[in-house]
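Whole structure, please, built from the sequences with the hints as guidance.
Going letter by letter, the sequence shown gives residues 18 to 334 in the numbering used here.
These are calculated hints, taken from the structure and not from any lab test.
Every residue gets a Cβ at the ideal spot worked out from N, C-alpha and C, and that includes glycine.
Please note that the accuracy of each hint is not assured.
[As the list claims (entries may be wrong)] Taking lysine-lysine pairs in the BS3-like style, the calculated list, with each CA pair at most 25 Å apart, reads:
hint	residue 1	residue 2
1	K91	K111
2	K33	K111
3	K111	K27
4	K254	K95
5	K43	K111
6	K158	K99
7	K125	K99
8	K91	K43
9	K108	K43
10	K33	K107
11	K236	K272
12	K158	K107
13	K108	K33
14	K107	K27
15	K27	K108
16	K234	K272
17	K95	K43
18	K125	K111
19	K108	K125
20	K234	K91
[Claimed, not checked] Simulated DEER-style distance windows between Cβ atoms:
hint	residue 1	residue 2	range
21	N146	L186	48 to 58 Å
22	S191	T31	43 to 53 Å
23	G292	K155	19 to 29 Å
24	T302	A87	23 to 33 Å
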Amino acid sequence: MLPGLEADGKMIWTYKEAMLPEALPKSLLVIGSGAIGIEFASFYRALGAEVTVVEVLDRILPVEDEEISAFARKAFEKQDMKIITGATVKKLDKGADNVTATIEQGGKVTQSTFERVILAIGITGNIENLGLENTKAKTDKGHITINQWGETGEPGVWAIGDVAGPPWLAHKASHEGVVCVERIAGVKGVHPLDISNVPGCTYCAPQVASVGFTEAKAKAAGRQVRVGRFPFIGNGKAIALGEPEGLVKTVFDAKTGELLGAHMIGPEVTELIQGFVIARTLETTEAELMRTIFPHPTISETMHEAVLDAYGRVIHM
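Set out below in structure tokens:
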């Protein structure tokens, strides 16, 4: 929470209240367009609420690849979701059964009234009242500092999950728990968690999923890249399902063929992304992926085509 934007659990919600509403609001303001904000915005819009999303940065889903973010915005706006980027909610004034938001964008200040507001501006670790003050365990920006195994600075004290920092995902926390306990038990061959191989999934409509580097981050890291793209409109299964709106994007190291990242938007991509996660875990190159047989007709063929496209060998486009 930020000063002036405190939740009260009744008209201004956190994600907890948003999951258990007493009634469906007719209008809703979502502050923040990360995974949590967009998931709730998409869910409530699908149920018929008029939804407005305000994001302080210049695009929604800011941790995703820019092309995926742009695609998602068009899809949401086609659903009549109002999206305001590069804007700040300066104040929330509660009325009898509504909230008036003061929104600043490009130096212009406007006011709009909504039945309910969801705060989705980020999370912090629940680290209060644990007694850490009297130990060697350190905290930084609301999270407990750990090493690659989950050890804190206090011998015998370990931490995993959201309290240990991003990405704040259940599957990341679960995997950290396995690594941590196996390390404590002295299991041989335990590998530390590679954050870059943790898949991110946003359960909105259309779904969004990714793993590894975005194109921009790969270039910023000094990598020369080859990029492939394939739209769902070129996939027979997607057309047959009546969901031809989507995109798969792959990012490879131009010198080694290493799969640096994969980014997807469309139906069931939160299921498909695991294929690219396995590829990164096995350090697969474009050569193995190109000669892998993908079943037909499936949406997964878009993944194959996006790999082929990165090397000028796309077939169905």
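Between K33 and K107, is the straight-line Cα distance small enough, at 25 Å or below? holds (23 Å)
Pair hint K111 and K27, alpha-carbon separation not exceeding 25 Å: Answer holds: K111 to K27 is near 10 Å, not above 25 Å.
Straight-line Cα separation of K91 and K43 no greater than 25 Å? Status holds; Cα separation ~22 Å.
K33 paired with K111 [C-alpha distance capped at 25 Å]: holds (19 Å)
Range hint compliance [Cβ, T302 to A87, 23 to 33 Å]: holds (28 Å)
Between the alpha carbons of K95 and K43, is the straight-line distance 25 Å or under? With Cα atoms ~19 Å apart, K95 and K43 stay inside 25 Å; holds.
Given the hint that K125 pairs with K111, test it: the Cα-Cα distance must not exceed 25 Å. Between K125 and K111 the Cα gap is close to 22 Å, so the pair holds against 25 Å.
Restraint status (C-alpha distance of K108 to K33 at most 25 Å): holds (21 Å)
Does K108 sit within 25 Å of K27, going by the straight-line distance between their CA atoms? holds (17 Å)
Pair hint K254 and K95, alpha-carbon separation not exceeding 25 Å: With a Cα-Cα distance of about 23 Å, the restraint between K254 and K95 holds, given a limit of 25 Å.
Distance restraint between K43 and K111, which requires alpha-carbon spacing of 25 Å or less: holds (16 Å)
Are the Cα atoms of K158 and K99 separated by 25 Å or less? violated (32 Å)
Comparing the model with each numbered hint stated earlier shows that hints 1, 6, 21, 22 and 23 do not hold.
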